[in-house]
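2 protein chains.
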Amino acid sequence: MMLALAGYPLGLSFAFLDPAHDAAAGQVGELVTGSYCDHARLAELADRSDLITFEFESVPDSSAAALASRTEVFPPPKALAVAQDRLLEKRLFQELGIPAAAYAEVGGPEDFQPAWASLGRPARLKSRRLGYDGHGQAVVAAAEQLEGAWLEVGRVPCILEEEVPFERELSIIGVRSGSGEIGFYPLAENHHQAAVLRLSLAPAPEVSGRLEQDARGISQAIMEKLDYRGVLAVELFQVGASLLANEIAPRVHNSGHWTQDAAVTSQFENHLRAGLGWPLGNSESTGPCAMVNLLSTIPDQSRLLAIPGARLHLYGKAPRPLRKLGHVNVASPDPGAVTASVERVGAVLGVDLPKPRFKGSYWPR
Amino acid sequence: MMLALAGYPLGLSFAFLDPAHDAAAGQVGELVTGSYCDHARLAELADRSDLITFEFESVPDSSAAALASRTEVFPPPKALAVAQDRLLEKRLFQELGIPAAAYAEVGGPEDFQPAWASLGRPARLKSRRLGYDGHGQAVVAAAEQLEGAWLEVGRVPCILEEEVPFERELSIIGVRSGSGEIGFYPLAENHHQAAVLRLSLAPAPEVSGRLEQDARGISQAIMEKLDYRGVLAVELFQVGASLLANEIAPRVHNSGHWTQDAAVTSQFENHLRAGLGWPLGNSESTGPCAMVNLLSTIPDQSRLLAIPGARLHLYGKAPRPLRKLGHVNVASPDPGAVTASVERVGAVLGVDLPKPRFKGSYWPR
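Those sequence lines, one after another, are chains H and S.
Per the numbering used here, the very first residue in the first sequence carries number 526; after that it's consecutive.
Per the numbering used here, the very first residue in the second sequence carries number 526; after that it's consecutive.
What the hints contain is simulated information worked out from the structure, not anything from laboratory work.
Please note that a few of the clues may not be correct.
Copies of the same chain are indistinguishable here, so a pair counts whether it falls within one copy or spans any two.
[What the hints assert, rightly or not] Result set (SDA-like, lysine to any residue): computed pairs, CA atoms no more than 20 Å apart in a straight line:
(1) K842 x F539
(2) K884 x G645
(3) K880 x G645
(4) K884 x A545
(5) K842 x L535
Go ahead and model the full structure; you've got the sequences and the hints to work with.
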């Protein structure tokens, strides 16, 4: 939906494939209702489209590949395949020399002992596929906990990954067009509650030029390796002055929603431009911004809109516990105003939000 | 369409009444096809809507009033009635003590002599109703030209208005909510080609605080008098240090399209907020902006998007001579960059555009 809202002004039109009859995107374009595995519906979508993208990471990469045989698809289906499998992701990081948490493959019980032996420290068992927002994970503090963890994640192929004592999670949104043109948004700092993203700060406070460059290097290496087209998010852990790659998301990303109100060009518009082979838009920040996710319920709009600098983005989705129903971007040239307004957003939501650490001396850089 | 694009993120949904089956807005909401005078279709629209607005000034005020008897309508139909009739508009200005060009009523040939006598100088005969973009007007340099002018405008009720040697056209976009909350965007300076708006500069260069206040006073007086709700544009002529009111537009206005990319809150969002009785958004400018209308044909998107600071807004309309098909907002914190980019937009369009007179010393104020 947000891609379409960004795309109509560029002269584009949109159709959507979604399993739900009441998918919110249907409000702003034609809706083809069907499963992402329904090849008849996929064909219908392909026939009416010049260009197809996805913003849901669990679209089967085989479906994306089937679409790609009929029309243009971006990002490349192979990026989807990598993002859907933690093992392929780890191997990609290794291949590109990108630092990441140590891991061992766990295909089944026969791997418990060697995997634990190779790591030898507290770790987390993660299913290779279909993990998101903390699902499909179990903490493993000792070798004998591996069996229970494996039952917990559903006896599926996994990786065992060392627990990294990181200081914060950052993410970098990169964008690459078919022509090879590349752009980066400044790093965002991400805060989770109940394993769901709650707040992103952008540009991330207290980021050295070196750290920013490291993040861009990681993003660029991945995009070039995958012959990427579109927006790519890379989630990163900061440990001291270093970054570890956590995972990639081959799509517009929640931690980049701040770009709608505090970057010259939003990630949504740049994703489309990249897919179309059009020149990329300026991805610079226009000022400090805090993005707050609206989860579970939709608060009274007018209370949110009364908050200085608050910009509302609802998705037209029905309320459901922990469902992402929208977000609020709080943007202001004045870092102190952002902090004050985030506190007011928290009060309307009835939640404690992390206090943005934007500093006066930090903006503009 | 632009109202809908601004409104979906606020959690609203949209249906449209339009005479054209292929109306662009139908892409982003349900389309009811019918004439603005078709009371069955109007009733259908009213039944499915909690709140109705219009962005086409020639909707009959009787249709707006019929809708208002079934559901909420904003701006008030009486504002539409005034805006549709130059005589009522003139009388409103008089009543509120708002300076405007002198005029005389011309109902028919019997008024030629007294009208000319009361003005006694070069004037313009303007049809009271359905005038826009220079249509329904004829220049009258001497009394004996009145008859020819009257034939030219179609022998309809007119006003004869003195020709004002103004220095420039400005416009003020005001917004008033049902609660009486009022906001103003900074003045825009408007440049026409072939009687059609081609370029607006906002904030208008070289505007004194006094001039800005005068414009706001005019807008506020009109909004309060009409118990207004929504966005109101007032076109003004600057003569020396004074302003003359030219006409009002009770809707989102072309000279306010710059607000999409260079104001904290766009006129579209604020129009909706005002209609809903929600708090108004900040209407301050974020930097100098030039809005260039795309007329007649749609240029290659990628050439426009390659221009620094250029933000594209296409309307999804079929090309037609002098039809407004979209606009480009050129925004940058650097006035010199705006000037350079406007020149590039002109080159892509193949037209000479006025050179923005934004000055370095002028921004920020």
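Hints and how they fare:
1. K842 x F539: Both ways: K842 and F539 sit 19 Å apart in one copy and 15 Å across, limit 20 Å.
2. K884 x G645: Classified as neither; 41 Å inside a copy, 65 Å across copies.
3. K880 x G645: neither (36 Å within a copy, 69 Å between copies)
4. K884 x A545: Neither: 44 Å inside a chain and 53 Å across chains, both beyond 20 Å.
5. K842 x L535: between (25 Å within a copy, 12 Å between copies)
When each numbered hint is compared with the structure, violations occur for hints 2, 3 and 4.
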